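Enquirer: Could you put together the complete structure from these sequences and hints?
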Amino acid sequence: MSFSVRFVGFESRADFPQPRFVPGQTDDGTFRLYVDVDSIQQVRFNAFTFTAYVADAKPGGQKAAQFQITGNPTGSFRDAPVRVSFHIKDTGSSATGVILMPVYNATKTDLLQVEEQKEPAYVSISGNSPVLLRMGNVPDALGISVTNLAVSEGCPKCWKRISSTVNEKNPQNIEPGSNATLPIDLLPNTIPALMQGALVIKPDIPHDTLTLMVTYHTVPGGADKKQSVPLKIRFGPGLLGLALALCGGIVLGLTARYLLTGKLGKDGEKAVHAILSAFVFALIAEFIGVMMTAYGNSKLVLFDLDIDPRQLFPAFILAMLVSGGSAVVGWMKGMLGKAT
Amino acid sequence: MLLLGIFPLQAGEEPGRPRLERPIMVDSDGPGSQLFVLDAWGTLHEFRVAKNSLEEFASITLPASLAASDMTYLPAGGQESVLIAGTQMGRGIVARYSLDGRQLQTWAFRNICSGIDFGASSHTAYVATSDSNEIYRLDLQGTESKYVARIPNATKLGPLALDEAGRKIFIADVAVGAIYQYSLSTKASRVLVSNLSAPTALSFYPETGRLYIADPGRRAIFTVNTRSSQPVLTEFVSEPLKSPYGMALLSSDRMAVADYGANSILVFSSKAQLLFSFPPKN
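If you're matching them up, the sequences are chains A and B in order. Numbered per our numbering, the first sequence finishes at 340, counting up by one with no gaps. Numbered per our numbering, the second sequence finishes at 1282, counting up by one with no gaps.
Everything labelled a hint here was simulated from the structure, so no lab data went into it. Any given hint might turn out to be false.
Sample of chain A residues with no beta-carbon within 10 Å of chain B, all distances over it, derived [said to hold, decoys possible]:
1) Val43
2) Ala47
3) Val82
4) Gly92
5) Val98
6) Leu111
7) Gln113
8) Val114
9) Leu132
10) Ala141
11) Gly143
12) Gly177
13) Asp224
14) Leu336
Computed beta-carbon distance windows for the label pairs [what the hints assert, rightly or not]:
15) Val1232/B - Thr181/A: 18 to 28 Å
16) Val138/A - Arg1110/B: 27 to 37 Å
17) Thr1043/B - Ala80/A: 22 to 32 Å
18) Glu175/A - Ser1033/B: 46 to 56 Å
19) His87/A - Tyr1147/B: 35 to 45 Å
20) Val1232/B - Arg161/A: 51 to 61 Å
21) Val5/A - Pro1280/B: 34 to 44 Å
22) Gly1078/B - His87/A: 56 to 66 Å
23) Thr30/A - Val1232/B: 46 to 56 Å
Calculated pairs, DSS-like style, for lysine-lysine (alpha carbon to alpha carbon, straight line, at most 25 Å) [claimed, not checked]:
24) Lys169/A - Lys1242/B
25) Lys160/A - Lys232/A
26) Lys225/A - Lys1271/B
27) Lys89/A - Lys58/A
28) Lys333/A - Lys266/A
29) Lys169/A - Lys1271/B
30) Lys63/A - Lys89/A
31) Lys1271/B - Lys1281/B
32) Lys63/A - Lys157/A
33) Lys118/A - Lys226/A
34) Lys1242/B - Lys226/A
35) Lys225/A - Lys169/A
Computed from a predicted model, the values in this text were never measured in an experiment. Even for Gly, the Cβ is constructed at its ideal location relative to N, Cα and C.
Expert: Below, the structure is given as structure tokens:
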């Protein structure tokens, strides 16, 4: 990192309030150097400029020398607060000191740390779904201010609206060494989203991948940067859709059972009892399937297929098999066996 | 993937109002009837220059891997294009793009390309490098470049402007805030002016011999008479500029300034009066 210094002139100034002015002092206590962080400006060709003042360290001084300084980074490093040594030469004297001040490097990109998604985010097609994007900042760096979020979709027709409260007037700040969550509100377009996910039943395959373009800058005074973050999405039918799929599956399973065996339940079992049993056990099977796949490391495998019970089609099949009982399962195995 | 503008509008923003975000460099075609503005995100906006307005008629997106440092308009072989100097994959590059976004030619460099200008009369383009402080001449028919000179004592060369009639090249040193003048005839260089902060764009006006310098560090456009025996840096315009990153001369003695901080293109008269801006003010 190198700096070039241009003397601007003397200014009547004695007050250098923090945090706008970052102070440093020469080792012999003669002079103070103040960096005006509000004046920091990124320029082209990977350089930055700022205004600094040199004032007498003794109280009562009313005059300060104003300098304009251009910083020129070399190599690649993150924007960070670093200790910079400085020399002040006066008539017949010279003093050195150290100041802790921010330095910048435009060549270093992707300052945000974004956790890799282990599994797609679940978004209900029946309404708004909030998704939280977790982002971090490394320790000993400058703070980061996220000022905008833009999105491009793999399936544009699958979405009615994607919005975020983060913008220039309401930025999301991430302190050094900490994490923050960026809220994104997703509203899918019901039918296209449902169709998009209808045949993708494996739970780890996304139905759509959003590319989030996060605009941010380091604080204070960093240049605007953009970082692309992929967000994998799986559409879900919502509670009502799932309930309808379950009911449909139960009705079809019971009907199939009746057609195969001539009765709805076991020998001597009343029809009402058999129907109620089918509803209760299908509901339990669906509940356990959802809990295990959503919150555990388990998989739900039907006929050698790893399926997601939160989706319409798998929920329908699961309910049909449970309500249909061994008669339907056996019949299906036979059918599949013949098919293969 | 299709990009949709699906976020809610911010307060104060009007639907359908033209926007420009972070313009960093600008150049015009020879007569100054078209203006080309490159923003920080690699989009080249193409404007038609009207009497009192700029009308955007097209835009192209450059490859994300190309980090542009400087650009110049190049009409060659009946094809309008722009030459963009910068880096790609850590290596210096000059790339020529047609106005509909096709890459037409590239020239590879070992060093970081920081400045470029084209002379219509001599049909030559010169390139400056910031890490070796050298000047090269491009072979516009092929893919070769020829070493011209090295500026001794320079720290970090930036933008470049060509005076074809005077056979001179002006190059800014971004690190020390100076402008060098290199003579193609005598092959000698000297400091033309100094005391700048971070000169990031140069435009030479051949009719008057004046060189215009954008200095976002001092938040102003400066000018110097290059034909003077004792060239003096004078301020051309400072208000209302925030971060004048680039500039270009337009027809009718006007100047367009890319103000990065104001997200605007400001057009000034030869007397430094603000004529209009893009996006237009209410």
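Enquirer: Look at each hint and say if it fits the structure.
Expert: Here's how the hints hold up against the structure:
Not every CB of chain B is more than 10 Å from the CB of Val43/A (nearest about 4 Å), against its label as outside the interface. The Cβ of Ala47/A does not lie farther than 10 Å from every Cβ of chain B; its closest approach is about 5 Å, which violates its non-interface assignment. At roughly 18 Å, the least C-beta separation between Val82/A and chain B is larger than 10 Å, which holds for a residue marked as non-interface. Once the 10 Å rule is applied to beta carbons, Gly92/A is consistent with being away from chain B; the minimum gap is 25 Å.
A cut-off of 10 Å between C-beta atoms confirms that Val98/A is not in contact with chain B; the least separation is 22 Å. No beta-carbon of chain B comes within 10 Å of the beta-carbon of Leu111/A; the shortest separation is about 16 Å. No Cβ of chain B approaches the Cβ of Gln113/A within 10 Å, the least distance being about 21 Å, so the stated non-interface status holds. The beta carbon of Val114/A sits about 18 Å from the closest Cβ of chain B, which is more than 10 Å, so the claim that it is off the interface holds.
With a least CB separation of 17 Å from chain B, Leu132/A remains clear of the 10 Å interface cut-off, as annotated. Every CB of chain B is more than 10 Å from the CB of Ala141/A (nearest about 21 Å), matching its label as outside the interface. No Cβ of chain B comes within 10 Å of the Cβ of Gly143/A; the nearest lies about 21 Å off, and the non-interface call holds. The Cβ of Gly177/A lies farther than 10 Å from every Cβ of chain B, with a closest approach of about 28 Å, so its non-interface assignment holds.
Listed as outside the interface, Asp224/A is inconsistent with that label: its C-beta sits roughly 6 Å from the nearest C-beta of chain B, within the 10 Å cut-off. Once the 10 Å rule is applied to beta carbons, Leu336/A is consistent with being away from chain B; the minimum gap is 38 Å. The supplied range of 18 to 28 Å is broken by Val1232/B and Thr181/A, whose beta-carbon atoms lie about 56 Å from each other. Judged by the Cβ atoms, the range 27 to 37 Å given for Val138/A and Arg1110/B holds: they are separated by roughly 32 Å.
The hinted range of 22 to 32 Å is satisfied by Thr1043/B and Ala80/A, whose Cβ atoms lie roughly 30 Å apart. A hinted range of 46 to 56 Å holds for the C-beta pair Glu175/A and Ser1033/B, which are about 50 Å apart. With their beta carbons about 37 Å apart, His87/A and Tyr1147/B fall inside the hinted range of 35 to 45 Å. A hinted range of 51 to 61 Å for the beta carbons of Val1232/B and Arg161/A is consistent with their spacing of about 58 Å.
Against the hinted window of 34 to 44 Å, the Cβ-Cβ separation of Val5/A and Pro1280/B comes to about 40 Å, which satisfies the hint. Separation of Gly1078/B from His87/A is about 58 Å and conforms to the stated range, judged on CB atoms against 56 to 66 Å. Look at Thr30/A against Val1232/B: about 36 Å separates their beta carbons, and that is not inside 46 to 56 Å. Annotation: proposed proximity of Lys169/A to Lys1242/B holds, straight-line Cα distance about 19 Å (limit 25 Å).
Between the alpha carbons of Lys160/A and Lys232/A the distance comes to roughly 17 Å, so the proposed pair stays at or under 25 Å and holds. A C-alpha spacing of about 36 Å is found between Lys225/A and Lys1271/B, which places the hinted pair above 25 Å, so the restraint is violated. The hinted pair formed by Lys89/A and Lys58/A meets the criterion: a straight-line CA distance of about 17 Å does not exceed 25 Å. A distance of roughly 20 Å separates the Cα atoms of Lys333/A and Lys266/A; the hinted pair therefore holds under the 25 Å criterion.
With a C-alpha separation of about 36 Å, the suggested pair Lys169/A and Lys1271/B falls outside the 25 Å cut-off, and the hint is violated. A C-alpha spacing of about 16 Å is found between Lys63/A and Lys89/A, which places the hinted pair at or below 25 Å, so the restraint holds. Using a Cα cut-off of 25 Å, the hinted pair Lys1271/B and Lys1281/B holds, with the two alpha carbons roughly 21 Å apart. Restraint check: the Cα-Cα separation between Lys63/A and Lys157/A comes to about 64 Å, which exceeds 25 Å; the hinted pair is violated.
Between Lys118/A and Lys226/A the alpha-carbon distance is near 23 Å, which keeps this suggested pair within the 25 Å criterion. Between Lys1242/B and Lys226/A, the direct Cα distance comes to roughly 22 Å. Compliance with the 25 Å bound is thereby established for this hinted pair. For the given pair, Lys225/A sits about 17 Å from Lys169/A by alpha-carbon distance, which is consistent with the 25 Å threshold.
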